[in-house]
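*Asks:* Residue numbers (my numbering), protein chains in the order written: chain A, 33 to 93; chain B, 33 to 93; chain C, 33 to 93; chain D, 33 to 93; chain E, 33 to 93; chain F, 33 to 93.
Rather than coming from a laboratory, the hints here were simulated on the basis of the structure.
Keep in mind the model is a prediction, meaning the values are calculated, not measured.
Incorrect hints may have been included.
Here are the simulated SDA-like cross-link-like pairs (lysine to any residue), alpha carbons at most 20 angstroms apart as the crow flies [said to hold, decoys possible]:
#1 E:K43 - C:T88
#2 C:K43 - C:F90
#3 B:K66 - C:N82
#4 A:K43 - A:D79
#5 D:K54 - D:A64
#6 A:K43 - F:M93
Given next are the chains, with one letter for each unit.
Protein chains: 6
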Amino acid sequence: MPVVNVKLVGKLSKEQKAEISKRFTKTLEDVAGKPPKYVYVVFDEVDRGNWAMAGTLFSDM
Amino acid sequence: MPVVNVKLVGKLSKEQKAEISKRFTKTLEDVAGKPPKYVYVVFDEVDRGNWAMAGTLFSDM
Amino acid sequence: MPVVNVKLVGKLSKEQKAEISKRFTKTLEDVAGKPPKYVYVVFDEVDRGNWAMAGTLFSDM
Amino acid sequence: MPVVNVKLVGKLSKEQKAEISKRFTKTLEDVAGKPPKYVYVVFDEVDRGNWAMAGTLFSDM
Amino acid sequence: MPVVNVKLVGKLSKEQKAEISKRFTKTLEDVAGKPPKYVYVVFDEVDRGNWAMAGTLFSDM
Amino acid sequence: MPVVNVKLVGKLSKEQKAEISKRFTKTLEDVAGKPPKYVYVVFDEVDRGNWAMAGTLFSDM
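Using the sequences and the hints given, assemble the complete structure.
*Replies:* Okay, here's the thing in structure tokens:
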């Protein structure tokens, strides 16, 4: 039942998201014995105008 | 002051979201005595390409 | 695959959480056709010293 | 390393988000000594059809 | 109706949380016109053993 | 700047969390070119009485 949320600035390709999901799920199975069928991986791709670091939006850097 | 977040794959209709909000809010009032005016229900409709189960994106199933 | 997060100030009893989980899950089945076995309901009971409304912590009200 | 998530109904302008990010980051530095370079501020602008208060979606008010 | 979540490693004092809540709420009022009574600020103080940066838990640094 | 949140029922050992953090961070570097120093992995270990599946709390199964 783990729910993994990946929040990042910008976009990933479909292939990157597929590969990350596969590896994260395998990691949770190998390291913590979590059955893959209960592992959710959810991506949250945030626009550069909606994320600031050090007080400045990425879209302004 | 409860904040209820509903995260799911794909879309719900406007009518479904209205009905779910109504029932969730009533449940929190009936069961836990929470005043409706303080209950927020927020929907997060996630694209099938952004959610994986068992290591596979829904868009690849 | 809906994941419902309920965030609130203070504690609910075990019975309240059981009843809310049951009703939320049934609502998602009835209104949106979501199979109960894929519905997660997660409670996040926040301490009064960690939640502010109108700029004041609940523990200071 | 604080991650600040601001979730709200509707949209803010680019200027509003830039100013809020700047002030939030400065607040965390001034009040809690957090180095600005480790402060993330992330905005989540939710559609009026995806947020309910008191059991009614904002889009239905 | 903004909900602001502040997630950080370790603990803040009661006074720090009160002051941050006050300033964040005022910022949202001044910059975005949000009525204070609808602003929630929620703190999530994460244990050093539950947060990793650069692949290492803070408790191992 | 990816923030990875891992939410699960029950506890992991310190060693499991360290290993998962290491592998997740390496995956994001290898697959998506994310610099490790900007990758946060945060664990949220939820009590069995606070998570329901199929309408039943884990503590009642």
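*Asks:* Of all the hints given earlier, name the ones this structure violates by number, lowest first.
*Replies:* Those not satisfied come down to hint 6.
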